[in-house]
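Asker: Here are the chains, one letter per residue:
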Amino acid sequence: GQQVMQIPQYQHVQEGEDFTTYCNSSTTLSNIQWYKQRPGGHPVFLIQLVKSGEVKKQKRLTFQFGEAKKNSSLHITATQTTDVGTYFCAAGNNRKLIWGLGTSLAVNP
Amino acid sequence: NAGVTQTPKFRVLKTGQSMTLLCAQDMNHEYMYWYRQDPGMGLRLIHYSVGEGTTAKGEVPDGYNVSRLKKQNFLLGLESAAPSQTSVYFCASRPGTSGGSVEQYFGPGTRLTVT
Numbered sequence: 011g012q013q014v015m016q017i018p019q020y021q022h023v024q025e026g027e028d029f030t031t032y033c034n035s036s037t038t039l040s041n042i043q044w045y046k047q048r049p050g051g052h053p054v055f056l057i058q059l060v061k062s063g064e065v066k067k068q069k070r071l072t073f074q075f076g077e078a079k080k081n082s083s084l085h086i087t088a089t090q091t092t093d094v095g096t097y098f099c100a101a102g103n104n105r106k107l108i109w110g111l112g113t114s115l116a117v118n119p
Numbered sequence: 304n305a306g307v308t309q310t311p312k313f314r315v316l317k318t319g320q321s322m323t324l325l326c327a328q329d330m331n332h333e334y335m336y337w338y339r340q341d342p343g344m345g346l347r348l349i350h351y352s353v354g355e356g357t358t359a360k361g362e363v364p365d366g367y368n369v370s371r372l373k374k375q376n377f378l379l380g381l382e383s384a385a386p387s388q389t390s391v392y393f394c395a396s397r398p399g400t401s402g403g404s405v406e407q408y409f410g411p412g413t414r415l416t417v418t
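From first to last, the protein sequence lines stand for chains A and B. Throughout, our numbering is defined as the position within the first sequence, counted from one, plus 10. Throughout, our numbering is defined as the position within the second sequence, counted from one, plus 303.
In short, the hints are calculated from the structure, not lab data. Just so you know, even glycine gets a beta-carbon here, dropped at the ideal spot from N, CA and C. Incorrect hints may have been included.
[Claimed, not checked] Here are some, though not all, of the chain A residues that point toward chain B, as calculated from beta-carbon distances under 8 Å: (1) 32; (2) 49; (3) 52; (4) 53; (5) 58; (6) 105; (7) 106; (8) 107; (9) 109; (10) 111; (11) 116; (12) 119.
Model the full structure from these sequences, guided by the hints.
Answerer: Right, here's the structure in full:
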């Protein structure tokens with residue numbers, strides 16, 4: 011079945027450094043969603059990408075969907091301690107989502 | 304507007320015991336989901352429902368049953384709990400495909416320990 015690979019599994023940065031997590035699939039995706047889960051919390055929706063080559067920004071977060079719609083990335087500029095958590099990508103297939111394993115981000119103040 | 308709520312928040316069971324986890328949403332969402340989350344395993348779909356009275360299996364359905372008798376509620380049952388079912392369980396909901404939004408809204412989770 012369809013799988014979504016997410017790398018890296020963990021990332022440890024100094025506050026102010028940039029951070030990127032990548033999501034890859036061997037098949038073409040109809041759309042991709044990104045979620046953030048704070049430690050001890052539940053996943054919270056960040057954004058959905060649908061179009062080939064789409065780029066969306068939310069303040070310091072930049073989301074990209076590859077031209078072939080097989081990969082996506084989330085980039086955080088100048089990380090802050092509030093960015094700590096696990097970031098998940100999830101590929102939608104109309105009724106349910108196929109989830110990546112997530113990238114856990116730790117930020118040293 | 305409470306969103307998605309889950310009952311209970313914590314539970315400890317002994318092997319072989321049964322229990323039911325309750326998920327309730329007040330957003331009139333068509334779709335509801337039960338996930339389990341284990342360290343390093345991400346979110347794995349147990350069962351889901353695309354409307355009142357319907358249920359379908361996800362990727363890890365064995366040992367669990369579900370029911371969706373009312374649109375706002377989605378129950379997850381463990382018939383005979385096993386230590387392998389120790390996990391954090393999340394419920395989520397979203398509008399149907401005609402609703403526009405595809406975002407899943409999650410409950411706060413239930414932390415279950417089976418000894």
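Asker: Now tell me if each hint is right for this structure.
Answerer: Right, here's what the structure says about each hint:
no.: 1; hint: 32; in the structure: 15 Å, violated
no.: 2; hint: 49; in the structure: 12 Å, violated
no.: 3; hint: 52; in the structure: 4 Å, holds
no.: 4; hint: 53; in the structure: 5 Å, holds
no.: 5; hint: 58; in the structure: 6 Å, holds
no.: 6; hint: 105; in the structure: 6 Å, holds
no.: 7; hint: 106; in the structure: 6 Å, holds
no.: 8; hint: 107; in the structure: 7 Å, holds
no.: 9; hint: 109; in the structure: 5 Å, holds
no.: 10; hint: 111; in the structure: 4 Å, holds
no.: 11; hint: 116; in the structure: 15 Å, violated
no.: 12; hint: 119; in the structure: 25 Å, violated
The structure does not agree with the numbered hints 1, 2, 11, 12 stated previously, though it agrees with the rest.
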